[in-house]
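Asks: Residues per chain, in single letters:
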Amino acid sequence: MDNAVNMVSATRALPLSSRVARWFSKSWKHFILTPLVLLWLSPMIWIVLTSLKTKVEVFDPDAGILPAVLNFGNYPATLSVAPFGTYLLNSVLVTGSILIAQLVTITLAAYAFARLEFPLKRLLFSLFLLQVMFPIYAIFLTNFVTLREFGLINTLPAMIVPFVASGYGTFMLRQAFRQVPSELSDAARLDGCGHLGILWHVYLPLVQPTLIAFGIISVVTHWNDYMWPLLVTNSDSVRTLPIGLGLLAKSDSGADWTRLMAGTTLVVSPLLLVFVIFQRRFIDSFMHTGVK
Amino acid sequence: MSHSFAQVWRKEVLLAYALLLPSAVFLAVFTYWPILRSFWFSLHDVMLGDSRIFWLGAENYLRLLDDGLFWKVLGNTAFYTLTTIPLSITVALLLAVALDSKLRGMSIYRSAFFYPVMIPSVAAGMVWVFLYAPGYGPINSALEFLGLPRLDWLYDSAWALPAIVLMSIWKYSGYFMLILLAALKLVPSDLYEAARLDGVGPVSRLLHITVPLISPTLYFVIVIGLLHSYQIFDYVYVMTQGGPADSTNVLTFYIYQNGFQYQDIGYASTIANTLLVFVLGLIGLVALTLGRRVHYMGER
Amino acid sequence: MATVTLQNICKSYDKRDVVHDVSLTIEDKEFMVLVGPSGCGKSTTLRMIAGLEDITSGQLMIDGHDVTHAAPQKRDIAMVFQSYALYPHMTAYRNMAFGLQKTTSLSKTEIDGRIREAAEILNITDLLDRRPKELSGGERQRVAIGRALVRQPKVFLFDEPLSNLDAKLRNRMRGELKRLHRELGLTVVYVTHDQIEAMTLGTRVAMMSSGRLQQVGAPMDIYMNPANTFVATFIGSPEMGLVPCKADASGLLSHAAFGKGVNIDRAGLPGDVILGVRAEEVTLSSGAGMARGLVERTELIGAEALLEVALGNERITVRGAVAGAPEPGAEVGLDFDLSRVRLFHGGTGHAIALQD
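Chains as they are written, first to last, in my numbering: chain S, 1 to 292; chain A, 1001 to 1300; chain H, 2001 to 2356.
Chain S extracted, bound-state conformation (with noise of 0.2 Å):
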């Protein structure tokens, strides 16, 4: 205690200069990631600055960063010239259905490569493992012949149904059941659980976190997804936000920022804000993609 005291006195008898040098040795990093978060996120006010501009003061040198007068015009005006609601609704249809068959689909599976013996188990596991090595951008090819054949082209199945098994979400779940002790699923036996009943009530419950962070990375890489939906639509009623920008873009030829940038701010807008809201558990969630 007394020294601690004495220690504090010390300090602050100490004169400016190396006081100023030992603030400086602790907080140097800010002096230099405080820019860099500058830089990072400049696109971002960039964005935002530009759909509360007038399009003279985006194409007039001498404007300066901010506008000069808020405007929010461009909203309504995005909203006027493209169907958002309904892409919204596609959105939501299409990541939403993932989501739940993709659930469905690895928490079948990953019990199954967990806890059961069958012949072929390695070779099996390898091929849905493999599958992270074939995106939707290496084979979107013959996916889209198929589709075709099926007659799914411009339908919303057609943007859902290639990701419903997700060798990767297997994977993860089933590092996540094997940590579940096997005391706990014999005990679930005794009570008189099957191998659904022990999923369902034992298993299940206890990985809600894997569960959470897979259906964050779903729920991210599908809403915002691009080539795939781009390839399979062709009509505004199943086209999805990131289509119905990119169509926005076209439509002006890039001349209308201001417009464009509203558009931007309006689709983006959501998954950010769920990400500033729930952050630690987006960021967790990520953070141990890489760790098993």
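No lab work stands behind these hints: they were computed from the structure. Possibly wrong hints are sitting among the right ones.
Derived coverage of chain S by chain H (criterion: at least 3 residues anywhere in the stretch with Cβ under 8 Å from a Cβ of chain H; other residues may be distant) [unchecked claim]: (1) 180-192; (2) 195-208.
Residues from chain A that face chain S, not an exhaustive set, calculated with beta carbons under 8 Å [claimed, not checked]: (3) Pro1022; (4) Ser1023; (5) Leu1027; (6) Thr1031; (7) Ala1098; (8) Leu1103; (9) Met1118; (10) Ser1121; (11) Ala1123; (12) Leu1227.
The C-beta atom is built at its ideal place from N, Cα and C for all residues, glycine as well.
Given chain S, put chains A and H in place with the hints provided.
Replies: Just chains A and H now, kept in the frame of chain S:
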């Protein structure tokens, strides 16, 4: 007696296959069947929307060898992959090391570097088109302010692809940083203290202690980086459409051009197969060169 | 009436025998302890009774019904696990209710009644709303026992339930388990590797080693008359001293340390025998003694002294008085209590009957 044991076992096997069935059906139809079919298509003359199919044998592959544009596209793809991944991982590692301490405002820093991951690729691409705009874009204004020459960026065939690389670093290094940060937290701090007592400087601490200890994660991040590099299609589609003069045309986009714009599914499949070989080759290369040297903590 | 009968039970994984031909009957209201070193097959045997492991061959009867291949929940048993295996996401109350909801058609109030009653007996009424995370080791243990109690099964199975507790708490829970068994008249099969638990808890003890049943009997019976050298050294603390020696036709045992020899006065012994001596069956001799040995270690444990004495290459433990206990290095004479010591066959290690 053992008869009934066999029954129990058979029941478990049936259950296992039943549980795998939903995943397996979708995996088969939308991942593995397309790969096989793509190979089949590559041996034929197939047009989009035309049910007729003609045997060509290796002709598509021979055409590939003579296709100068294909080689340019392959080079572009390699350039993008081999610059974006090392650069963004280096940035990510430096950020992660800087943030791996009790720092005031830590969560703000983390979120600020991470948020680009949350932005749809199409939105990111569009904003950067604006940022790179030669006349009124803020990047050129900033260059001018610093007394540097203005560039034509996306309109200059020498700068268009590097411009996309720069944007990709902004988009992805935050994600890699998070994964590396999680790994750094597992490095025992007494190792750093011991090195510090031995008079090891910060740079060699990073190179000789941190990097070897988190090498399994670095390896993982490289693989994730490879998979994310596919997404360049979105940026090329939104920002340059492969131009100027095909300087940003990459394999995924070239497949799209051949398959959807020229409707030549056979030739597009041939390129798609090359892409698969390219990515698997890179992953194999990474596994062979780095995977072997990876240090697993706690082992030996 | 709840008897458990194991008939020629075998268990093998990939042709490797883990449990070999075990036959055992556990009587109604009996506290049967399966004891043995780790890997001896005792836990596997218990898990086969529970239905958690398939029985490779043999027959298992509970209360007269053949349940060899019955599902666990159809056997009318309950089990307490080593790690307690409480569901982490459920409160103590839900943990106890879960099995009842799944396996019985009891009403909510009946279930509640059973839980309250069990909680009362175990003194955990105040803990029912807590989750396992918020309970101490001893409290978790009680909840786990409560979860078994509410099922009111025919047989209770315990798999090393005390091994995760500290020594003091373990002692207390031992007393508690004994009280529960006595007051509620439970039929118990209890697995442990701790011979003290086996001796203090069991009405009978079944000793297992390398997948085989070695001996079944009352604790004191096993202590006094172990069936072979393995049981002899496993049960009892300090360990029984074993001295291999030669026997002649008249029953005279000779060993380098025995001097004139020790006369057991018994004809028809095999040439090679092993003399088994517990610490309380040997005394320090005031004279030359039957055998002479070198004190290697002297442990004063309060009321008495334990001496480790070397007889040639063998070591035996001798109980003695604290006062005047010899120092290490001293040569001492020993007298065996020949009415209590026992002999084992030198080759097989089986006990040789001395009393007819």
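Asks: Against this structure, judge whether each hint is valid.
Replies: Quick rundown of the hints versus the structure:
1. 180-192: holds (count 10)
2. 195-208: holds (count 5)
3. Pro1022: Holds, about 5 Å.
4. Ser1023: holds, 4 Å
5. Leu1027: OK, holds: Leu1027 (chain A) within 8 Å of chain S, min 4 Å.
6. Thr1031: Result: holds, 5 Å to nearest chain S Cβ.
7. Ala1098: Cβ of Ala1098 (chain A) sits 6 Å from chain S, so the hint holds.
8. Leu1103: holds, 6 Å
9. Met1118: With Cβ-Cβ at 5 Å, under 8 Å, it holds.
10. Ser1121: holds, 5 Å
11. Ala1123: holds, 5 Å
12. Leu1227: holds, 6 Å
Checked against the numbered hints above, the structure breaks none of them.
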